[in-house]
Amino acid sequence: MNDQAGAARTLCLIGCGPRGASIVERILANVPALYGGRPLDLHIVDPCPPGAGRTWRTDQPALLWMNSAAEQVTMYPDESVDCAGPPRPGPTTAAWLGSPLHDGAYAARRDQGRYLRHFFETVTRELPPGVRLFVHRARVVDLRRTGGAGAPDGRGRQQVVLDSGEPSFLADRVVFAQGHTPVVAEPVPAGLTRIGPGPADPDALERIPPGAPVVVRGLGLVFTDCLTLLTEGRGGRFVRTPGGTLRYLPSGREPRLYAGSRRGVPLPPKPAYPAPAGAPAPPAAPRFATVEGCRARLSAPGASFGREVWPLVVAELGWWHYRALFAGQPARTRTTWQDFDAQYALLLTDPDGLAKLARSAVPDPADRFDLDRLAAPLDGARFDDTEALQRRLRGHLAEVLGRRTGPARGVETALVDGLQRVGAVIEELWRSGELDAGQVAEALERFALGTYLSSGPPPLRAAQLLALAEAGIVTFVGPGMRVETAEGDGASGGAVFRASGPAVPDAGYEAAVLLDARLAAPASDRVTDPLLRALFARGELSEDGAGGMPRLSGAGLHPVDASGTVHRDRIVAGPAQFPRPGTNAVYFRQNDALARLLLTDG
22 MNDQAGAART LCLIGCGPRG ASIVERILAN VPALYGGRPL DLHIVDPCPP GAGRTWRTDQ
82 PALLWMNSAA EQVTMYPDES VDCAGPPRPG PTTAAWLGSP LHDGAYAARR DQGRYLRHFF
142 ETVTRELPPG VRLFVHRARV VDLRRTGGAG APDGRGRQQV VLDSGEPSFL ADRVVFAQGH
202 TPVVAEPVPA GLTRIGPGPA DPDALERIPP GAPVVVRGLG LVFTDCLTLL TEGRGGRFVR
262 TPGGTLRYLP SGREPRLYAG SRRGVPLPPK PAYPAPAGAP APPAAPRFAT VEGCRARLSA
322 PGASFGREVW PLVVAELGWW HYRALFAGQP ARTRTTWQDF DAQYALLLTD PDGLAKLARS
382 AVPDPADRFD LDRLAAPLDG ARFDDTEALQ RRLRGHLAEV LGRRTGPARG VETALVDGLQ
442 RVGAVIEELW RSGELDAGQV AEALERFALG TYLSSGPPPL RAAQLLALAE AGIVTFVGPG
502 MRVETAEGDG ASGGAVFRAS GPAVPDAGYE AAVLLDARLA APASDRVTDP LLRALFARGE
562 LSEDGAGGMP RLSGAGLHPV DASGTVHRDR IVAGPAQFPR PGTNAVYFRQ NDALARLLLT
622 DG
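Be aware that the sequence shown starts at 22, since it is given in my numbering, and climbs by one per residue.
Treat each hint with caution, since some may be false.
Listed below are the simulated EDC-like cross-link pairs for lysine to aspartate or glutamate, each with C-alpha atoms no more than 20 Å apart in a straight line [what the hints assert, rightly or not]: (1) K377 to D391; (2) K377 to D360; (3) K377 to D393; (4) K377 to D388; (5) K377 to D400.
Beta-carbon label-pair distances, calculated as ranges [to be verified]: (6) T202 to V156: 40 to 50 Å; (7) Q364 to D622: 32 to 42 Å; (8) T549 to D391: 37 to 47 Å; (9) P263 to A363: 46 to 56 Å; (10) T143 to G515: 49 to 59 Å; (11) A233 to R316: 50 to 60 Å; (12) P121 to S320: 42 to 52 Å.
Bear in mind the hints are in silico, worked out from the structure with no lab data behind them.
We put the CB at the ideal spot given by N, CA and C, even for glycine.
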């Protein structure tokens, strides 16, 4: 702690998980050039240890893993980052841990929390002259403007009220970095139990009785975590068969899970890391769906994300797919990559022309890029009985796992890399304020496909899910799953959750427990954070119509209140994926720009 006294500008960061910690690092990196030793007080408020925050706390079960390869995760902005502030090179998660990783590439989530706490301690150990750091292990319950109506133009001050009993303090500028905020769960009839939505809760899951039927809504990463805690976490074991596949040996304490979702299929796993030998190195940036290219299309009057930008995204992903196919499996093509690439660029805005080019150059339809097939593998499928659906799902899981872990996985790896690069472009356009509310809503809806295809669990977790399905621990309900409360058909009667879906029209599953294995959608009327509740109630925050998120103004991410006033002394920095080293990550560029905005009068 720097104890220098004197009048100071005061900054307050509410929430100090990865996003908040990175902004702190960028503030401290920029202070010497922008502040010249003048007094600066920096307050950090978070009930959890700074750096790790709630999601990456270090006391969670070791069975919960990251879904990004530890070698591809960093908190240190390196020389590749194109920003005004100075770089601060440092180790990736893998380099810092220096120990064997799960499934060969993945850190436990609590070990990532250790890395994040170490990062925060490292960057705050020696403060620049004039800076004082205050860490409050508390929650902010209100933010009140001083002097009557205050001055949201950035010239007033704000009283920060804590729940810890500590005295409130005044701040000139405030950053909201709380990450994913929980919401109040919808009520359920007496006698029923609902767990979630939200991250996997070990204590709540422990209350599910052994053998109990459970309806599970969601097949994403939260589902993966819950499944691990309810199986391995209850003493079950996975063993390798002589053929190399996994088999599950139950402990007898597992519940019976009836799981479904809108798509009806689990997230594809991350491709096995590293990429196979001979796979081309991923380009540093997109070729077609660049920030400049998307910006130019959006500048047209009446432009929509779906009409102007999405075709560029689809063409970009197809280009990454074919680039890897031609490099890794040339025998499955009929022409040279140079010829194909040149024609592809000419046909970029002609989907029919691109399809014709693919048919002529890639003889097997299974090798061609088909986003619709990838997005909805069970679309419209109907089955005579539940066992036929289970066979289809198990076959789908095995086929996807083989594509993403086998020697030809370079194409899948390229698709995930392409999605990561294009996702960064879309995030930059969004965070810079270049998308209006309607365009943001459309972008988030369409790019949910990117999350599905690129944000899956480690490959071993997918193999374990297949083994659990074969053991009968998991039964799939199929796509378009509906969950409703009804009177039970059993002898005991009473209310139940009933799950069903159109894939097997006459089938249904009943349980007294609903596990909402998904993150809660933002909703201003159900948020549990007392500060956000207070600001929404007073109209100091307003929804932008894009999924319940706060309405923001421009690259400064300033909130816009219900009257349309922009609060330039507040910044809402939403959650973001961990940046990869050496990629000029938008995460670092945005955090650097926000830090410099906080330190200046711009």
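Worksheet item: Where does the structure disagree with the numbered hints, that is, which hint numbers, in rising order?
Response: Hints 5, 6, 7 are the ones this structure does not satisfy, whereas the remaining hints hold.
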